[in-house]
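Each protein sequence line maps, in turn, to chains A and B. Following my numbering, the residues of the first sequence are numbered contiguously, the last one being 568. Following my numbering, the residues of the second sequence are numbered contiguously, the last one being 373.
No lab work stands behind these hints, which were simulated from the structure alone. Keep in mind that a hint or two might mislead.
[Said to hold, decoys possible] Distance condition first, Cα-Cα at most 20 Å in a straight line; then the derived SDA-like pairs of lysine to any residue:
| hint | chain 1 | residue 1 | chain 2 | residue 2 |
| --- | --- | --- | --- | --- |
| 1 | A | LYS207 | B | ALA344 |
| 2 | A | LYS207 | B | GLU36 |
| 3 | A | LYS203 | B | ASN342 |
| 4 | A | LYS203 | B | ASP99 |
| 5 | A | LYS203 | B | THR365 |
| 6 | B | LYS225 | B | VAL209 |
| 7 | A | LYS203 | A | ALA235 |
| 8 | A | LYS207 | B | ASP363 |
| 9 | A | LYS123 | A | ASP232 |
| 10 | A | LYS152 | A | LYS207 |
| 11 | A | LYS203 | B | HIS74 |
| 12 | B | LYS225 | B | THR128 |
| 13 | B | LYS225 | B | GLY266 |
These numbers come from a predicted model, not from an experiment.
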Amino acid sequence: MNDITATDKRTPVTILTGFLGSGKTTLLNRILSENHGKRIAVIENEFGEVGIDHELVIQADEEVFEMNNGCICCTVRGDLIRILGKLMKRRDKLDYILIETTGLADPGPVIQTFYMDDEIAHQLRVDGCVTLVDTVNIDRQLDEASEASEQIAFADVILLNKTDLASAEDVRKVEDRLRRMNARATIHRTAHAELPLERILDIGGFDLNGALDVDPKFLEPEYPFEWAGVYQLEAGEYELVVSGGPDPTMDLALLSAGGNRAGDAIDEFVESAVRIFSDDHWPAFDGTALVPAPRLYRLRLSQDLHRMSISIARSGPYTLFTEHLPEEFDLRIANGANEPVTPSMEREFKPDHEHNDQVTSVGITIAGDLEIEKIDRWLTVLIRERGLDIFRMKGVLAVAGYDRRFVFQGVHMLMDSQPGAPWQASEARSNALVFIGRNLDRTELETGFRRCLA
Amino acid sequence: MPGVISRLSEADPVTFDIEGYVSATAWSREGVRLAVASADGPVACFNTQNGLREWSHPGHGLGTSSVTMADDGALTVTCGQDDRVLFHGATGSPVCAGRLPGWGERVRLSTDQRYAAVASKRAVLVFDMLELPSHTRADGDPEIPVEPAFVFDGHASTVTDIAWEPGTHRLAATAYGTLTIWRVGTTGPVRVFRWQGSSLVVRWSPDKRFLATGDQDSTVHFWFIKEGKDLQMWGFETKVLELSWDHSGRHLATGGGRMPTVWDCSGQKGPEKRRPIQLERHESHVRALAFGNRTQLLASGDADGRLVLWNPIGSESPVSERRLNFAITQVAFSPDDSMLAVGGDDGTVTLYRLEP
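Using the sequences and the hints, build the whole thing.
Below, the structure written as structure tokens:
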């Protein structure tokens, strides 16, 4: 629980979405039967089947109302206003409210209800949107129904459920696809929707002061490397052998993956590898020796065979990230006897063209100060013109003349903002923005945002 | 008494208590009894003459949302969050009970008290009071199940409020997108007014010219029934849940924020292009608003406990004012306007006498 949820006395509400068969009912039944000492009300959809006979399981009709306020995407859930309005008048106050939506429901109106109705906004705060995913079927669901994409886009937390029924490779592919759609959400892999409740309740997903936690690698259009392999190396001398190929240079990094299982040796290092690949090239590299370290090496290649020595001091797994595919350069690691060492695991990071999802995340980070009139105007126009397609957005901005951060978050055309933490003298002032939406144009957004610089 | 401006008596008011938040009140026709419902469930009946509680009943599970009284308090009808309508006898025990399709939103009696209509889910169920079993039953006897005589069904979404036309058996029902008029004995709606919006409350003007609705999107709608046209008033601070006509049908008081507003609906055009009377005194949202039944006194109560009595047609200044230590949720004049019941979020009901 962060600061704001600790001081906010309003009752938290979590929205639980997911297609039929994703495990929502299993999760709800667990929440209700677990001994957490909380008084929790569950508002289930009309097809909901929470098995527990519980006074506070209430069926709702999912009545979506348009608001006549000139905002085309301002829809609310009338049934929720009625039900919650009545529940909040009771003396036996609730500790928590969970709202389950059907797989075909867009979570937008539910979230907007907590901003559009004064009575509700005064007493309840939406804490987060949790989306359950059936790992085995989500690819098909995403391809067939736009609601599935919207549920991913709105999520603060995604439960990649039923991972026990899918191969590790399939789970990873699904996770990558979801990440590209929603780079802000925290993803948990689960079987039978089992996980500690604190990962889904009281997470402060809509708190303005919550961190803008975005995994930067998923905001990049592509990975800066095409391949990674894990080698189990005993202490001793090795060589990296590489010939000329279609490109004159090749960037690579070799990282010690000690302590990690082979499968994790790639997953765990992807993020640091992205960072290393965005650093400058290691200046002292003379083309003769490689060291397992967070350094980016640039190999300058001719048509000849190149050999670079690698000294391994400690036995264990090592992960090699390469800019291009090894086969294009006949790249291999050879042991002291000049025998090739086969990677125990490898993965290609080819750009994913398999799924052309319309829902994506766009993250922009720019150093420097923004001019308040410019950013205000840009956001106003953007929301007016693209609000329907922007499901969620969040920003932490440095505005010229203000010594505090300016934070905002939005759902469609609704926006909520306030001053954030002060900038410390030691901090470089910078701006971070994340949009999650449909048909977002990264170039257009980035250009527009850059024009707001002071 | 017409012509005489009453004030809240300086004498200490009588108070009653119910467990929970006062969600609805109803006076008996003679003003001797006051039924009070709580959002926590319980229902109670108080005698306003001797200040005693006549009975109480656990009510409706997750909450009682509406109450009305018939036969001068011998019969009390309630509905709420247990999918039932209860007909309580003179001792509070339910004589009979009707099953509803979902939570009961509202119960209203026709002017002649022949029919009790209950809004629940997308239907209005109408119970014929003449067909109910005898009211006098021994306490503890199980209530007898009763069936509605008519069901007005087929609203596009949940019926949020209902109102009987004064003196007739026609009933207006609001749901998202429609305001529907039904008549007992007629199959299918008599009239449907459509608009893309959500009305939350509906009130029929005593002269039957207008239906007024308070809406989710901070507007008030006037429906000219004969002409079939409507007029929408914008600019309210919040959604409008408080509406009250004066006894003549000329003035409508509206809440929807901190400023009670009174609209003059006389003449062909009704309130169109007329400056309404705006009553400035409340500093927080007005949660309860009611005109007198015989006078043009208007009572308003807010979330900070400020109770104000107005004579708005004569003056924009308060007639009387009190500060109560609970958020006011209900105000209701007795049928002869000699008393004012004020309900609060802590279950208190304060009963003021009015005197010249």
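For each hint, the structure was consulted:
1. Taking the CA atoms of LYS207 (chain A) and ALA344 (chain B), the gap is about 17 Å. The hint holds against a cut of 20 Å.
2. Pair hint LYS207 (chain A) plus GLU36 (chain B) holds up; C-alpha atoms about 14 Å apart against a cutoff of 20 Å.
3. Between LYS203 (chain A) and ASN342 (chain B) the CA atoms are separated by roughly 17 Å; this keeps the pair inside 20 Å, and the hint holds.
4. For the given pair, LYS203 (chain A) sits about 16 Å from ASP99 (chain B) by alpha-carbon distance, which is consistent with the 20 Å threshold.
5. Of the supplied pair hints, the one linking LYS203 (chain A) and THR365 (chain B) holds, its CA atoms being roughly 14 Å apart against a limit of 20 Å.
6. Pair hint LYS225 (chain B) plus VAL209 (chain B) holds up; C-alpha atoms about 16 Å apart against a cutoff of 20 Å.
7. The suggested pairing of LYS203 (chain A) with ALA235 (chain A) holds, with an alpha-carbon distance near 14 Å, which does not exceed 20 Å.
8. About 13 Å separates the Cα atoms of LYS207 (chain A) and ASP363 (chain B), which keeps this hinted pair within 20 Å; it holds.
9. This hinted pair checks out: LYS123 (chain A) and ASP232 (chain A) have alpha carbons roughly 16 Å apart, not beyond 20 Å.
10. Annotation: proposed proximity of LYS152 (chain A) to LYS207 (chain A) holds, straight-line Cα distance about 10 Å (limit 20 Å).
11. Distance restraint check for LYS203 (chain A) and HIS74 (chain B): the Cα-Cα separation of roughly 19 Å lies within the 20 Å cut-off, and the hinted pair is therefore satisfied.
12. For a cut-off of 20 Å, the pair hint linking LYS225 (chain B) to THR128 (chain B) stands: about 13 Å separates their Cα positions.
13. For the given pair, LYS225 (chain B) sits about 8 Å from GLY266 (chain B) by alpha-carbon distance, which is consistent with the 20 Å threshold.
When held up to the earlier numbered hints, the structure conflicts with none and fits them all.
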